[in-house]
Amino acid sequence: MSYTAATVQLLSPEGTLVESDASAEYFPYIEALSDEQLREFHRQMVVVRRFDNEATNLQRQGELGLWVPSMGQEAAQVGSGYATRAQDHIFPAYREHAIARIRGVDLVNVMGLLRGTTHGGWNPETSNNFHLYTLVIGSHTLHATGRAMAMTLDGATGTGNPDTDAAVITYFGDGASSQGDVSEAFVFAASYQAPVVFFLQNNHWAISVPVSTQSRTPLYLRSGGFGIPGIQIDGNDVLASYAVTKRNLEDASSGQGPRLIEALTYRMGAHTSSDDPTKYRLDSEVEYWAKRDPIARFETWLRSRGEGDAFFAEVAEEAEDFAADIRKRTLALPNPATDLMFDHVYSEPHPVLAAQKQWLAEYDASFGGDA
Amino acid sequence: MSIESMPMTKALNAGLRKALADDPKVLLMGEDIGPLGGVFRVTEGLQAEFGTHRVMDTPLAESGIVGTAIGLAMGGYRPVVEIQFDGFIFPGFDQITSQLAKMTNRHEGQLSMPLVIRVPFGGHIGAVEHHQESPEAYFAHTPGLRVVSPSTPHDAYWMIQEAIQSNDPVMFFEPKGRYWPKGQVDLVSNGAPLHSSRVVREGSEVTLLGYGPMVNVLLSAAELAAEEGTSVEVIDLRSLSPVDYAPIIASVQKTGRLVIAAEASGFASVGSEIAATVTERTFYSLEAPVLRVNSFDAPFPPAKLETTFLPDVDRVLEAVDRAMAY
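Order-wise, the sequence lines are chains A and B. Taking my numbering, the leading residue of the first sequence gets 1, the next gets one more, and so forth. Taking my numbering, the leading residue of the second sequence gets 1, the next gets one more, and so forth.
Here chain A stands alone, though its shape is the one from the complex (with noise of 0.2 Å):
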């Protein structure tokens, strides 16, 4: 399952820009971007590879409970949450360290989620409206698509308005397309024509099994049986991603109803570092995809366009800089207080939980502060 014909591709593996009718009409988004934004599609990407590198060696050295590698996608995200816009909301799965950290979020609250610190980690409502990481498979399309239908009602879509006209975008990959919920998510997303651009991450592995057993046919393809548009892109090149989106979430936030892409990348590392994935893939396929990386193309195409060493240097720095700090607050994150166990399980208050944490605290002192 891989490029055909109608997979839409601006930049080639090799760093050249494909000019083709499939992708046409996304130049203009990628003309009107200025140097300086081109550059943060790279600076973004290199960073966010850095901090997975970091936060791999974290979990190594017994500092992560787990980690979710993103190595191989990031172009797929860096480009579709640049295209994102402020009254946006985005549905993240649990790998999307590139997109919360475009909307603001702190990374070292990542860290948090797979150091045992939290299960939350940020505030969407005050994360530029990046939600938090759903674990279960594909239930967060729900909750996108619900979000999507809240905006309908509020009249915050389809005025007319591309500043203040809103979308939702959820991201989910090949194995969370074969969820029952994500099948709903297109039903209801279809039903009331909610402004939502699902995007689907095929990284071509749910852990150890290959997308051709969730699906034999192309997944851009399943949601027109919903009566939903899909599209499939070079996940790899962060130009396509952009302008896609950017294109879809105009589209859906513009009244014309929910929307699908399909973003061809891959999985460069393992599904978490609790996998092997030598056991169930073959090297010849890794090679195969890490000649189509998403960094190494737009480093050529920058450097093709005039960009000096100095920049790629400074770059490079920046991010050991990045990982070099999370580091350091990822290891001063101070453990939970107990009280967080009870404190949040209801917004009212509750008879048990509050009976549980007195007990819990009486029981702590009757140790006589040895506990």
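Be a bit skeptical, because a hint or two may be false.
To spell it out: a stretch of chain B is covered by chain A in this simulated footprint if at least three of its residues, at any positions, have a beta carbon under 8 Å from a beta carbon of chain A; those stretches are [claimed, not checked]:
hint, segment
1, 52–62
2, 100–110
3, 131–137
4, 156–168
These are calculated hints, taken from the structure and not from any lab test. Remember, predicted model here, so these are calculated numbers, not experimental data. Idealized CB from N, CA, C, for every residue including glycine.
Assemble chain B onto chain A, guided by the hints.
Showing chain B alone in chain A's frame:
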């Protein structure tokens, strides 16, 4: 006149109408709740009055209904979801227990989930499989949910409004076998907070405790027991989670005997939990072990067997006699 006689379906309809009128953020969602008014007609006329954007007929997918209701609540709305029948709640079970119940906790209190899930439950309607079940224990067992069940039209009218006003998710179990008998509804004065249990008949020798469809059975049993010379107190639990223990403890300390009855199967049930807690708290007052009267630990049988399957007045009285014999 502030007191009117009406069946529980009409009382719920009136309560929902008032909630819709009072707060523009309240939405109703469910299967067939629009022009049809729901399979039990509880929402009759509400879509015509408030519009399709406030009273939404949804696609036939319970996980989708609950999951999108969660998203609507994230957007500031207060969805009231109707699950058509008790046995149809399980396609939505994951969204209720893994998402809805944990959402506020996951957000460390920065997000509330003001969502009500209405579930017609219980037997005595002669229906086919999956239409007469009592799944309340699954939800009472789940931290993050509140679980209530009215037994009268008056409580239905007030409790549905209180549930909608709650900022926590509330599972609202409606005793469908009691949908049609009329009762007095005081439209001005409520009388009890949502999570309170209530003594509905005073007595001195045995306490009977139940909720929803069982309360009427307990009152009938108490009447017959009185004729036979046994003074029975009856408590309507009303809130299954959290349980308001104070009236129960006070009653058992007075009578020394407690019988808990429910249509649900008894193993790991709400009654089991209350029996354990009451035993712990009233040990020295008890004259007899806490007894339970439930349906059997078998799937709900074909309708022709339901009156044998479900606890009735005689089975409650048998337990009263056993309690008195200690």
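Tested hints:
1. 52–62: holds (count 4)
2. 100–110: With 8 residues close enough to chain A, the hint holds.
3. 131–137: Coverage by chain A is violated for the segment 131–137 of chain B (0 residues, Cβ < 8 Å).
4. 156–168: holds (count 3)
In summary, the one numbered hint that this structure violates is 3.
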